[in-house]
Amino acid sequence: VEQDASLLDRIAAGDEPAVTECLDRYGDLVWSVARRYCDSAADAEDACQEIFVDLWQSAGRFDPSRGSEVTFVMVIARRRLIDRRRRSARRLQPAGLEPTVEPADQRTSLPLEIREEAAMVEQAIDELKPEQSQILRMAIIDGLSQSEIATRIEMPIGTVKSHARRGMERLRSVIQSRNASPSGGDR
Amino acid sequence: MNQPKDSDDLLIRRATIALWGESNDDRRDASSSGGDTSLGAIARSRGDVSRGDVSRGDVSRGDVSRIDSSIDLHDSHRLDDDLDDEFQWAAAAIELYGASRQSRAMPSGLRETIAQLGDAWWTSQAADRAVGSDRGRGAGLDIRSLADDRAVVKRDGEGEGHRYVRSASERASVVQPAGSKGAAWGWFAAAACLLLACFAWATRGGGVTGNGGDGAVAIAFADQRKALLLESSDVLKWSWQLGSDSAVQEGKSGGDVVWSNRSQKGFMRLVGLKPNDPSKEQYQLWIVDSRRSDPQPVDGGVFDVTADGEVIVPIDAKLPIGSVAKFVVTVEPPGGVVVSKLSRVPLVAGG
Numbered sequence: 003v004e005q006d007a008s009l010l011d012r013i014a015a016g017d018e019p020a021v022t023e024c025l026d027r028y029g030d031l032v033w034s035v036a037r038r039y040c041d042s043a044a045d046a047e048d049a050c051q052e053i054f055v056d057l058w059q060s061a062g063r064f065d066p067s068r069g070s071e072v073t074f075v076m077v078i079a080r081r082r083l084i085d086r087r088r089r090s091a092r093r094l095q096p097a098g099l100e101p102t103v104e105p106a107d108q109r110t111s112l113p114l115e116i117r118e119e120a121a122m123v124e125q126a127i128d129e130l131k132p133e134q135s136q137i138l139r140m141a142i143i144d145g146l147s148q149s150e151i152a153t154r155i156e157m158p159i160g161t162v163k164s165h166a167r168r169g170m171e172r173l174r175s176v177i178q179s180r181n182a183s184p185s186g187g188d189r
Numbered sequence: 004m005n006q007p008k009d010s011d012d013l014l015i016r017r018a019t020i021a022l023w024g025e026s027n028d029d030r031r032d033a034s035s036s037g038g039d040t041s042l043g044a045i046a047r048s049r050g051d052v053s054r055g056d057v058s059r060g061d062v063s064r065g066d067v068s069r070i071d072s073s074i075d076l077h078d079s080h081r082l083d084d085d086l087d088d089e090f091q092w093a094a095a096a097i098e099l100y101g102a103s104r105q106s107r108a109m110p111s112g113l114r115e116t117i118a119q120l121g122d123a124w125w126t127s128q129a130a131d132r133a134v135g136s137d138r139g140r141g142a143g144l145d146i147r148s149l150a151d152d153r154a155v156v157k158r159d160g161e162g163e164g165h166r167y168v169r170s171a172s173e174r175a176s177v178v179q180p181a182g183s184k185g186a187a188w189g190w191f192a193a194a195a196c197l198l199l200a201c202f203a204w205a206t207r208g209g210g211v212t213g214n215g216g217d218g219a220v221a222i223a224f225a226d227q228r229k230a231l232l233l234e235s236s237d238v239l240k241w242s243w244q245l246g247s248d249s250a251v252q253e254g255k256s257g258g259d260v261v262w263s264n265r266s267q268k269g270f271m272r273l274v275g276l277k278p279n280d281p282s283k284e285q286y287q288l289w290i291v292d293s294r295r296s297d298p299q300p301v302d303g304g305v306f307d308v309t310a311d312g313e314v315i316v317p318i319d320a321k322l323p324i325g326s327v328a329k330f331v332v333t334v335e336p337p338g339g340v341v342v343s344k345l346s347r348v349p350l351v352a353g354g
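Those protein sequences? They're chains F and Z, same order as listed. With positions in the first sequence counted from 1, the corresponding number in the numbering used here is that position plus 2. With positions in the second sequence counted from 1, the corresponding number in the numbering used here is that position plus 3.
Worth flagging that the hints you see were computed from the coordinates, not collected in a lab. One thing to keep in mind: the hints can contain errors.
Each pair of labels, with its calculated beta carbon distance range [unchecked claim]:
id, chain 1, residue 1, chain 2, residue 2, range
1, F, D11, Z, A108, 25 to 33 Å
2, F, Q178, Z, S326, 43 to 51 Å
3, Z, A129, F, R89, 30 to 38 Å
4, F, Q178, Z, D237, 40 to 48 Å
5, Z, A129, F, E133, 47 to 55 Å
Partial selection, computed: residues in chain F whose CB lies under 10 Å from chain Z [said to hold, decoys possible]:
id, residue
6, W58
7, Q59
8, E119
9, M157
Think of the CB as a built atom: it goes at the ideal place given N, C-alpha and C, for glycine as much as any other residue.
Put together the whole structure using the sequences plus the hints.
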């Protein structure tokens, strides 16, 4: 269990097996997120390579007091994916992109510790005010824009924004406090 | 700070960006579809509206251009650097939850490629540690140039699945800077290029095997040199002047040196310098820095020339360089020296 917390530390310290372990543990997760962001499987493959190199290089910067290791992985992944999205937007994509036949991904079950962490996040989201959790779910998980959410739940856009913000603030403090308390984490 | 409303707005904007990316509408279409096939459409729509095309009025054009300009001010590359870091953690946590509900298995080919990338990365790190240096900061650049290389590889390999072969003029011979951290990074970049190239071919059924690492090292340095020339506006490029030394071959020797002060990075292109026997002598570069009060030039690294012809050597400046007045290549005992007697000076370059 101690190993869970120190995988990134081990990478930073030059522990060779940790590099492979990192891929074993987070490969499916990173792939899952990359597929949510990327146009094509090929694009997602490129993104995953970037994410992992970034992750190994950033391993030394992981600070457990700010969140769990898997959340750090997601921070890095999101950063890369948002970067890529911006770059590809700048490249001016032709409108009539040929729809390509994508290979079907196999569903898989993530490692237990990741599922536990995700369950903790879910619980934290559930503990938010109903409108906050609903808006955050719609925004991140369903990928809706603010205006779509506003229309869907018949709420002024400003209120949607403010709920989203307060939800994020609340969530961040819940996550931080769980990480700070030894009973909340994996250790 | 004395305008609470503004800072509140800013906080909302930051949380909004953390949540929705740089535009508010960029995740539309997700609700109606929801299946796998919609992912492309979602991603495309995210991309399409991210600049300028704000039609629904929940963020003004002014907001978008303000956000954009704040992004562009910061290297135009790191959107997230401008955001409150804590929001990134919260957004990442929600993303984790979302991904866990729809998890997919990473394709085995990709897993294999990343594993090899990991080996290459680890080896380069180990080499860096061995020389007691830390080049973690420069790494981002390397990744970007890797991505560019890969694009080239894909284009070249398209259709026919032929090998990625460079013209003879671009193919430099092999050089291994002695104990240089540059060597480690170059090697990693090269190995990674090769892997990515192989991966690109493999996915097209090309079935290519990589050749030895040495050639790839040289190609990587040549690429990095070219990239430096293209990317850095402050690059200086000086031709070598030949000294009267037995390492210089009359009529054959030459080349140049390029240096970017901003990125503190540079390369020597050495043509026709005699290969050395590292057990007897080694080449050493010196950088005369006109901003340095100490008149002693800065050690630019010890290196070997292992083949005739053209050699690209990364400059390994041991101290930050203020302003280069001259580059000097000397021949020294194995391992180099701390202070050169300048008894053998085959090459000099300067403005």
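ask   = When the hints from earlier in the document are held up against this structure, which numbers fail?
value = 9
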